[in-house]
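Student: Residue strings, one per chain:
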Amino acid sequence: WTSFSIMSGATEKSSTTTKTPADFLKSIRGRPVVVKLNSGVDYRGILACLDGYMNIAMEQTEEYVNGQLKNKYGDAFIRGNNVLYISTSKRTLGDGA
Amino acid sequence: MGSEEESAVKEPLDLIRLSLDERIYVKLRHDRELRGKLHAYDQHLNMILGDVEEIVTSVEIDDETYEEIVRTTRRTIPFLFVRGDGVILVSPPLRTA
Numbered sequence: 007w008t009s010f011s012i013m014s015g016a017t018e019k020s021s022t023t024t025k026t027p028a029d030f031l032k033s034i035r036g037r038p039v040v041v042k043l044n045s046g047v048d049y050r051g052i053l054a055c056l057d058g059y060m061n062i063a064m065e066q067t068e069e070y071v072n073g074q075l076k077n078k079y080g081d082a083f084i085r086g087n088n089v090l091y092i093s094t095s096k097r098t099l100g101d102g103a
Numbered sequence: 218m219g220s221e222e223e224s225a226v227k228e229p230l231d232l233i234r235l236s237l238d239e240r241i242y243v244k245l246r247h248d249r250e251l252r253g254k255l256h257a258y259d260q261h262l263n264m265i266l267g268d269v270e271e272i273v274t275s276v277e278i279d280d281e282t283y284e285e286i287v288r289t290t291r292r293t294i295p296f297l298f299v300r301g302d303g304v305i306l307v308s309p310p311l312r313t314a
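Protein chains in written order, with this note's numbering: chain A, 7 to 103; chain B, 218 to 314.
So that you can see chain A by itself, here it is in the shape it has in the complex (with noise of 0.2 Å):
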């Protein structure tokens, strides 16, 4: 794949634009997002960087298995290759939905 098109319903942007993923990975830094492993552990946390092979930092980490919250790290680092997703969120901490 080489674009998408984005929806928003975020704040910032109010219209429909078309952009490459890279676009995307430069415009989620700093973000509250959710990242899906392949094996179905959710991430939610502040995206601090990542890198074209989708490896990941974030900030104030949550993991949260079955819906349910396990574990916290203050910093986490997640290999790429067990990325499902990454997506933004209107997360506010605390916010366990």
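Treat the hints with care, since some could be wrong.
Said to hold, decoys possible - Straight-line alpha carbon distances no greater than 25 Å define the calculated BS3-like cross-link-like pairs of lysine-lysine that follow:
no.	chain 1	residue 1	chain 2	residue 2
1	A	Lys32	A	Lys42
2	B	Lys254	A	Lys76
3	B	Lys227	A	Lys42
4	A	Lys42	A	Lys76
5	A	Lys42	A	Lys78
6	A	Lys25	A	Lys96
7	A	Lys78	A	Lys96
8	A	Lys78	B	Lys254
9	B	Lys227	A	Lys32
10	A	Lys42	A	Lys25
11	B	Lys254	B	Lys227
12	A	Lys42	A	Lys96
13	A	Lys32	A	Lys96
14	B	Lys227	A	Lys25
15	B	Lys227	A	Lys78
16	A	Lys76	A	Lys96
Calculated directly from the structure, the hints in this document are not laboratory data.
Take the given structure of chain A and dock chain B to it, following the hints.
Tutor: Only chain B this time, still in chain A's reference frame:
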């Protein structure tokens, strides 16, 4: 890799470098965890760890009661090479440890 981008942007692997010679927590595939001192790593997340504790978690389900029995098996290893493809997550040690 995105190395042609601005050099001020850090990659997740740069942030792992900050943990060199520190104790770290590593989550591996197959329900394994390691805690040890990070001596070396590379872009594959191959790692050399010292004074390592490995925890293997297994869940048995009782045939009659269907309750889950969670077992952990621990062993200590003075010096360990970890192959990177088994690594899921790397973090500074959890405080609850």
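Student: Determine for every hint whether it applies to the structure shown.
Tutor: These are the hints, each one checked on the structure:
Between lysine 32 of chain A and lysine 42 of chain A the alpha-carbon distance is near 19 Å, which keeps this suggested pair within the 25 Å criterion. Proposed proximity of lysine 254 of chain B and lysine 76 of chain A is supported: the alpha carbons are some 24 Å apart, at most 25 Å. At roughly 22 Å between alpha-carbon atoms, lysine 227 of chain B and lysine 42 of chain A fall within 25 Å of each other, so this suggested pair holds. Among the hinted pairs, lysine 42 of chain A with lysine 76 of chain A is consistent with the structure: their alpha-carbon atoms are about 14 Å apart, no more than 25 Å.
For the hint linking lysine 42 of chain A to lysine 78 of chain A, the alpha-carbon distance of about 15 Å falls within 25 Å, and the restraint holds. For the hint linking lysine 25 of chain A to lysine 96 of chain A, the alpha-carbon distance of about 21 Å falls within 25 Å, and the restraint holds. With a CA separation close to 19 Å, the supplied pair lysine 78 of chain A and lysine 96 of chain A stays within the 25 Å bound. Taken as a hint, the lysine 78 of chain A and lysine 254 of chain B pair is honoured in the structure, with Cα atoms around 20 Å apart against an allowance of 25 Å.
Restraint check for lysine 227 of chain B and lysine 32 of chain A: satisfied, since their Cα atoms lie roughly 12 Å apart, inside the 25 Å limit. Straight-line distance between C-alpha atoms of lysine 42 of chain A and lysine 25 of chain A comes to about 22 Å, which keeps the hinted pair within the 25 Å bound. At roughly 23 Å between alpha-carbon atoms, lysine 254 of chain B and lysine 227 of chain B fall within 25 Å of each other, so this suggested pair holds. Distance restraint check for lysine 42 of chain A and lysine 96 of chain A: the Cα-Cα separation of roughly 16 Å lies within the 25 Å cut-off, and the hinted pair is therefore satisfied.
For the hint linking lysine 32 of chain A to lysine 96 of chain A, the alpha-carbon distance of about 18 Å falls within 25 Å, and the restraint holds. For the given pair, lysine 227 of chain B sits about 22 Å from lysine 25 of chain A by alpha-carbon distance, which is consistent with the 25 Å threshold. Pair hint lysine 227 of chain B plus lysine 78 of chain A holds up; C-alpha atoms about 23 Å apart against a cutoff of 25 Å. For a cut-off of 25 Å, the pair hint linking lysine 76 of chain A to lysine 96 of chain A stands: about 21 Å separates their Cα positions.
Checked against the numbered hints given earlier, the structure satisfies every one of them.
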